[in-house]
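Chemist: What follows is each chain in one-letter form.
Number of protein chains: 2
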Amino acid sequence: MSDEPTDTFPATERTTIGRSPLRGTRQRATANAILDEGLICHVGLTADHGPVVIPTTYARRGDELLIHGSPAATWLRSTGKGTPVCVTVTHVDGLVLARSGFHHSMNYRSVVVFGTAETVTDHGDKAAALDAIVEHIVPGRTPEIRPMTDDEITKTLVLRLPLAEASVKVRDGGPIDDDADYELPDVWAGVIPMTTTFGTPIDDERLLPGIDAPPSAVAYTR
Amino acid sequence: MSDEPTDTFPATERTTIGRSPLRGTRQRATANAILDEGLICHVGLTADHGPVVIPTTYARRGDELLIHGSPAATWLRSTGKGTPVCVTVTHVDGLVLARSGFHHSMNYRSVVVFGTAETVTDHGDKAAALDAIVEHIVPGRTPEIRPMTDDEITKTLVLRLPLAEASVKVRDGGPIDDDADYELPDVWAGVIPMTTTFGTPIDDERLLPGIDAPPSAVAYTR
Chain A
1 MSDEPTDTFP ATERTTIGRS PLRGTRQRAT ANAILDEGLI CHVGLTADHG
51 PVVIPTTYAR RGDELLIHGS PAATWLRSTG KGTPVCVTVT HVDGLVLARS
101 GFHHSMNYRS VVVFGTAETV TDHGDKAAAL DAIVEHIVPG RTPEIRPMTD
151 DEITKTLVLR LPLAEASVKV RDGGPIDDDA DYELPDVWAG VIPMTTTFGT
201 PIDDERLLPG IDAPPSAVAY TR
Chain B
223 MSDEPTDTFP ATERTTIGRS PLRGTRQRAT ANAILDEGLI CHVGLTADHG
273 PVVIPTTYAR RGDELLIHGS PAATWLRSTG KGTPVCVTVT HVDGLVLARS
323 GFHHSMNYRS VVVFGTAETV TDHGDKAAAL DAIVEHIVPG RTPEIRPMTD
373 DEITKTLVLR LPLAEASVKV RDGGPIDDDA DYELPDVWAG VIPMTTTFGT
423 PIDDERLLPG IDAPPSAVAY TR
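Taken in order, these protein sequences are the chains called A and B.
Read in the numbering used here, the first sequence has 13 at position 13, and its numbers run on one by one without any break.
Remember, the numbering used here sits 222 above the position in the second sequence when you count from 1.
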């Protein structure tokens with residue numbers, strides 16, 4: 001595949017198989033929107049004893065993911081060649097109640113990224129990546145806080161994963177039932193919508209008097 | 223380890239390492255509560271080309287997880303000996319805004335289960351497992367719907383994973399800042415709480431007239 005990103009992800013063996021091809025898309029714009037809305041990803045890697053899946057924070061920067069690697073640090077084998085990973089971000093938007101158990105489903109959006117993650121070693125790159133992760137989670141937060149120290153940057157592990165190969169799935173809408181089941185009397189079917197809401201910021205109990213929550217927190221939304 | 227479940231998970235090599243031991247617990251009751259609240263898990267396994275992480279539905283039944291394996295079907299290698307997997311369920315409860323980027327965090331609850339998943343082959347077992355998954359997602363739903371057919375049961379893949387080895391982490395409360403940073407003027411710190419809410423059920427557009435949404439949907443909560 002070309003190094004030049006296009007509007008779509010390439011069709012590779014591991015992104016073309018699966019049981020629901022109709023829900024798949026190759027659009028980068030769709031993937032980017034899912035990734036930008038997400039708060040955590042699930043990072044999968046193969047450790048000595050087998051597969052491990054760890055939740056952690058991340059940010060998308062253009063055509064790469066920057067992953068807070070510290071939670072996965074103990075599992076990463078330092079081969080010098082990077083670590084094969086699979087990083088998945090999933091949003092559940094609703095429960096789909098069909099007329100049969102078989103057709104029950106969820107409305108969801110997911111991106112499954114395959115690739116080789118490398119540790120970000122350059123100090124300046126890493127500082128920028130860590131700021132990007134903070135900004136991904138709380139936009140506008142970095143100018144409000146004490147800047148990171150060199151020691152903090154050194155102690156934190158950041159992984160970089162190119163957004164080059166990904167499987168994107170979106171399911172939306174009501175249940176799809178068997179034809180005969182639509183005539184079943186008394187069986188309700190539909191969708192229970194599900195949303196994430198953010199509440200009023202809670203002051204730290206050691207907050208100095210007279211400091212109000214900033215707009216980044218008060219007006220928080222995703 | 224004994225076959226007899228105890229109140230706590232055993233300390234194994236892969237459940238004792240990690241960077242935040244203070245957030246860990248071995249209590250099965252805590253793990254069960256996290257698993258019972260969750261809607262989806264992220265299943266990690268090692269395919270021929272490397273790690274894969276797939277979101278899917280599941281249910282806890284006593285000391286085992288029943289996992290809807292169909293989304294992962296194409297990745298499972300039929301070795302006859304089961305498949306080593308890692309299954310993770312994560313809830314994010316809040317964003318923790320500290321006075322430095324380094325101490326930003328999230329309040330979360332996660333269970334990481336390690337083990338070997340086996341396919342449920344017995345037809346009756348599988349039927350019961352599929353009903354358990356529907357009931358896990360929408361309690362009270364199975365009596366409301368058309369029962370599963372033998373063909374549907376045959377076509378669906380269910381994995382069984384013992385809840386024998388798991389890492390449980392819970393973070394709660396406000397930011398933990400460096401001592402000196404508590405004196406920073408003008409830097410707000412605290413928590414943005416995050417909750418999942420379920421809306422009014424939306425009727426399927428092909429719903430027969432006169433069928434109201436049942437209590438399982440109207441009063442849905444987790």
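Since the hints were derived computationally from the structure, they do not count as laboratory data.
Predicted model only: the values in this text are computed from it and were never measured.
Backbone N, C-alpha and C fix where the C-beta goes; we use that ideal spot for every residue, glycine too.
Treat the hints with caution; some may be incorrect.
[Claimed, not checked] Residues from chain A that face chain B, not an exhaustive set, calculated with beta carbons under 8 Å:
1. Thr25
2. Ala29
3. Thr30
4. Glu37
5. Leu76
6. Cys86
7. His136
8. Val170
9. Ala189
10. Ile192
11. Thr196
12. Ile202
13. Tyr220
Chemist: Given Cys86 (chain A) was flagged as interface, is its beta-carbon under 8 Å from a beta-carbon of chain B?
Modeler: 5 Å, holds
Chemist: Take the shortest C-beta to C-beta distance between Val170 (chain A) and chain B; is it under 8 Å?
Modeler: The hint is violated - Val170 (chain A) has no Cβ within 8 Å of chain B, the shortest such distance being about 13 Å.
Chemist: Close enough to count: is the Cβ of His136 (chain A) nearer than 8 Å to one in chain B?
Modeler: 11 Å, violated
Chemist: Are Tyr220 (chain A) and chain B close enough, Cβ to Cβ, to be under 8 Å, as the hint says?
Modeler: Holds. Min distance 5 Å.
Chemist: Please check whether Ala29 (chain A) passes as an interface residue: C-beta within 8 Å of a C-beta belonging to chain B.
Modeler: 21 Å, violated
Chemist: Given Ile192 (chain A) was flagged as interface, is its beta-carbon under 8 Å from a beta-carbon of chain B?
Modeler: Nearest chain B Cβ about 5 Å off; hint holds.
Chemist: Hint Thr196 (chain A) vs chain B: min CB-CB distance below 8 Å?
Modeler: 6 Å, holds
Chemist: Restraint: Leu76 (chain A) near chain B, CB-CB cut 8 Å. Satisfied or not?
Modeler: 12 Å, violated
Chemist: Tell me if the interface restraint on Ala189 (chain A) is satisfied: Cβ within less than 8 Å of some Cβ in chain B.
Modeler: 4 Å, holds
Chemist: Taking the least C-beta to C-beta distance, is Ile202 (chain A) closer than 8 Å to chain B?
Modeler: 5 Å, holds
Chemist: Quick check on Thr25 (chain A) please, does its C-beta sit within 8 Å of some C-beta on chain B?
Modeler: 16 Å, violated
Chemist: Would the stated hint for Thr30 (chain A) survive a check requiring a Cβ distance to chain B of less than 8 Å?
Modeler: 16 Å, violated
Against the hints set out earlier in the document, violations occur for numbers 1, 2, 3, 4, 5, 7, 8.
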